[in-house]
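Letter by letter, the chains look like this.
There are 2 protein chains.
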Amino acid sequence: MPVNLKPLTIDSIFPIKGISLGIAKAHIKKPNRKDLLLVTIAEGSKVSGVFTQNAFCAAPVFLCKEHLKNTSGIRALVVNTGCANAGTGEDGILKAKETCEAVSKLLSIEPHQVLPFSTGVILESLPIDKIRNGLPDALKNLDSSHWIDAAEAIMTTDIAPKAASRKIKIKDKEVVISGVSKGSGMIHPNMATMLSFIATDASINQILLDKLLKEVTGESFNCITVDGDTSTNDSFILIATGKAEHDEINQEDKSYEILRDAIREVAIELAQAIVRDGEGATKFITIQVESGLDNAECRKVGFAIAHSPLIKTAFFASDPNLGRILAAIGYAGIESLDITKIQLFLGNVLVVEKGGRAISYTETQGQEVMKHPEISMRILLNRGNANATIWTCDFSYDYVKINADYRT
Amino acid sequence: MPVNLKPLTIDSIFPIKGISLGIAKAHIKKPNRKDLLLVTIAEGSKVSGVFTQNAFCAAPVFLCKEHLKNTSGIRALVVNTGCANAGTGEDGILKAKETCEAVSKLLSIEPHQVLPFSTGVILESLPIDKIRNGLPDALKNLDSSHWIDAAEAIMTTDIAPKAASRKIKIKDKEVVISGVSKGSGMIHPNMATMLSFIATDASINQILLDKLLKEVTGESFNCITVDGDTSTNDSFILIATGKAEHDEINQEDKSYEILRDAIREVAIELAQAIVRDGEGATKFITIQVESGLDNAECRKVGFAIAHSPLIKTAFFASDPNLGRILAAIGYAGIESLDITKIQLFLGNVLVVEKGGRAISYTETQGQEVMKHPEISMRILLNRGNANATIWTCDFSYDYVKINADYRT
Chain A
1060 MPVNLKPLTI
1070 DSIFPIKGIS
1080 LGIAKAHIKK
1090 PNRKDLLLVT
1100 IAEGSKVSGV
1110 FTQNAFCAAP
1120 VFLCKEHLKN
1130 TSGIRALVVN
1140 TGCANAGTGE
1150 DGILKAKETC
1160 EAVSKLLSIE
1170 PHQVLPFSTG
1180 VILESLPIDK
1190 IRNGLPDALK
1200 NLDSSHWIDA
1210 AEAIMTTDIA
1220 PKAASRKIKI
1230 KDKEVVISGV
1240 SKGSGMIHPN
1250 MATMLSFIAT
1260 DASINQILLD
1270 KLLKEVTGES
1280 FNCITVDGDT
1290 STNDSFILIA
1300 TGKAEHDEIN
1310 QEDKSYEILR
1320 DAIREVAIEL
1330 AQAIVRDGEG
1340 ATKFITIQVE
1350 SGLDNAECRK
1360 VGFAIAHSPL
1370 IKTAFFASDP
1380 NLGRILAAIG
1390 YAGIESLDIT
1400 KIQLFLGNVL
1410 VVEKGGRAIS
1420 YTETQGQEVM
1430 KHPEISMRIL
1440 LNRGNANATI
1450 WTCDFSYDYV
1460 KINADYRT
Chain B
1060 MPVNLKPLTI
1070 DSIFPIKGIS
1080 LGIAKAHIKK
1090 PNRKDLLLVT
1100 IAEGSKVSGV
1110 FTQNAFCAAP
1120 VFLCKEHLKN
1130 TSGIRALVVN
1140 TGCANAGTGE
1150 DGILKAKETC
1160 EAVSKLLSIE
1170 PHQVLPFSTG
1180 VILESLPIDK
1190 IRNGLPDALK
1200 NLDSSHWIDA
1210 AEAIMTTDIA
1220 PKAASRKIKI
1230 KDKEVVISGV
1240 SKGSGMIHPN
1250 MATMLSFIAT
1260 DASINQILLD
1270 KLLKEVTGES
1280 FNCITVDGDT
1290 STNDSFILIA
1300 TGKAEHDEIN
1310 QEDKSYEILR
1320 DAIREVAIEL
1330 AQAIVRDGEG
1340 ATKFITIQVE
1350 SGLDNAECRK
1360 VGFAIAHSPL
1370 IKTAFFASDP
1380 NLGRILAAIG
1390 YAGIESLDIT
1400 KIQLFLGNVL
1410 VVEKGGRAIS
1420 YTETQGQEVM
1430 KHPEISMRIL
1440 LNRGNANATI
1450 WTCDFSYDYV
1460 KINADYRT
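For the protein sequence lines, the chains are A and B, in the order given. Just so we're aligned, residue 1060 is where the first sequence starts under my numbering, counting upward by one. Just so we're aligned, residue 1060 is where the second sequence starts under my numbering, counting upward by one.
Don't read these hints as lab results, they were simulated from the structure. Treat the hints with care, since some could be wrong.
Identical chains blur together in the list; that is why a pair holds if it fits in one copy or across any two.
To be verified - The calculated lysine to aspartate or glutamate pairs, modelled on EDC-like cross-linking and capped at a C-alpha distance of 16 Å, are: (1) Lys1302 to Asp1231; (2) Lys1226 to Asp1070; (3) Lys1128 to Asp1464; (4) Lys1230 to Asp1150; (5) Lys1413 to Asp1150; (6) Lys1413 to Glu1183.
Given these sequences and hints, build the entire structure.
Here it is, written out as structure tokens:
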């Protein structure tokens, strides 16, 4: 079961003016499950996106990048689960294009105004007929309140749907932000996440929306890992419909900051939800790396710890095996690291200083911290002013089980 | 059980003139097991070593590097299992020094003529009294034939002892090479391996011995991974006693090449033995990356595959989940990678080309390759002339079990 992931209630995810969501059962991989999502976006909305850095990026990612270059405005998203349409060569591009064409006909827009997304098994051909047949149902289902249905329709090995919402005030007008994401394995986003869509009715110009997206990504989806595998399909899309009735944000003023902070909150909640629902996860682990020379080296240390199978299995066993954490810090590749300056805290307990175990530390203290489902650790490098926070989960028998069974 | 690791027979590991090995039960972590090894080295022998790049390197590694700078010649190795003496600060250095002093007294040599090694749990203080008490037994036990006992005395989570031997001719004289190694988890050597000791009676000058060590390391111990964790204690020591009666090798001639090739064979056999006995391993996987721009990028691709928990669990399930391999190639960080040029072979079966699944490929072919305990794959980048080979194992329930239980 996901680690401390609260079940969603219908009234906790607010509708966004200008956004409608419709789902369908298209029988793409399994019968009788929600596996197709259509999102319509009001004319005049601004849309920004970041995508996987994986060289084997999926066909829909390739097409999304192309379509976002177009200036006539994105008017729809289409998402299927069950097939990633990745590692599919020319055939994959053709089928992603056909998906956009099918959507464009139903909505009377241009194909390049549609962004396509796919998630599921890699290296299998997209069942375009099933998608085409499912789209009319999704169209009929369109409704501004269908956020949780949308979260369910994009799940793969996810156990729980993931959505988050905030209401803020900008220039005295109410502004709403809602988002959904999916992801559980193959999680080590690089410039983006698995699939995440956040929309707001705020009004903001395109340049600032792009900037906001990058700022938020760096502090949310790019700070999580389940297994260190960067997906072929990672995409994070941010939509601003401009339907809230405030003046457009066109400089980095107080309004920009309020909006960015609220979107960051939603993005972090969604990113953490992915980790809480990480494949086989039993613990949610926060790794704070502090007082480094720069953010990059703090992230290196954080991810070295977060990727270590030895550390992740020790967390699964609730075993404060601190030596493994030290080993990971030591191989993180930080230049001229003075290990005698490093301090390591497990929860609030100082466990390492001066290159060895803290004299005050007792095994009982460590075990007390480790037995909880939420564990935090702080690593002080004591050589600068930069910080980074990374979120990850443990490594359990179920991770092996899920991934040994996934295709069957 | 280790994957296709043949049991050692006493007559398969040859004695080396000038080397004696003695073991003892010093009760360091567990009672009644071989856990202390003393190796004596004849005067005039040349010794070379490479060590972990982990910044949190263990106290004995620190001391080894110091002692190897000395010109009076290394005359003994002392190895304990059960405690890594890593992450132990000043106390660790003191106890490693005391270990060398104890050995030096018994053998009437200088403390800096002793190289100390430790392996086991990190962050615990070395039980120096137990080591001191065990050394006289190890001294009494010294014998040139005790190679397999030595391999057993350095094991931790290893299931099987690891040793290898070769006989060659140099300038018409018989030359013998024998070595032992240990390691099963925390295996991703960086410039060295867990613990590996190889000795030969060949005669070679120090500069060429150092060069030979580095050449061999790059093609053996630095090409393996079990879990991507670089240990704090990795050490690889090469000893040439010069007792074979050929003229000293002092240039990179035919004799140098014969010796290097034979030592490389022994080193590769030992490195592969570590992977075959990798924690929880059920498959031995060879990853050949070919036609890259340089060796570094081939290694990057190989290790991206070898470190992916998703790929390793799929191998455990005998599932030809090729999409995960493509994803790993895609996130390996290779610049300007043209994925349409890449060819992927599983065994002899072409499975990927032109950015997608090969038309000739069938799932049955993939399953046929995957069901064997020895699996090889070839990735052709088709953009240069460099190659690299990486060896790894799969990721099973038992990996989680072993590492969730290790300290208890």
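Each hint tested on the structure:
no.: 1; hint: Lys1302 to Asp1231; verdict: within (14 Å within a copy, 89 Å between copies)
no.: 2; hint: Lys1226 to Asp1070; verdict: within (13 Å within a copy, 77 Å between copies)
no.: 3; hint: Lys1128 to Asp1464; verdict: neither (39 Å within a copy, 53 Å between copies)
no.: 4; hint: Lys1230 to Asp1150; verdict: neither (49 Å within a copy, 62 Å between copies)
no.: 5; hint: Lys1413 to Asp1150; verdict: between (58 Å within a copy, 11 Å between copies)
no.: 6; hint: Lys1413 to Glu1183; verdict: between (53 Å within a copy, 14 Å between copies)
Hint check: violations occur at hints 3, 4; the rest are consistent with the structure.
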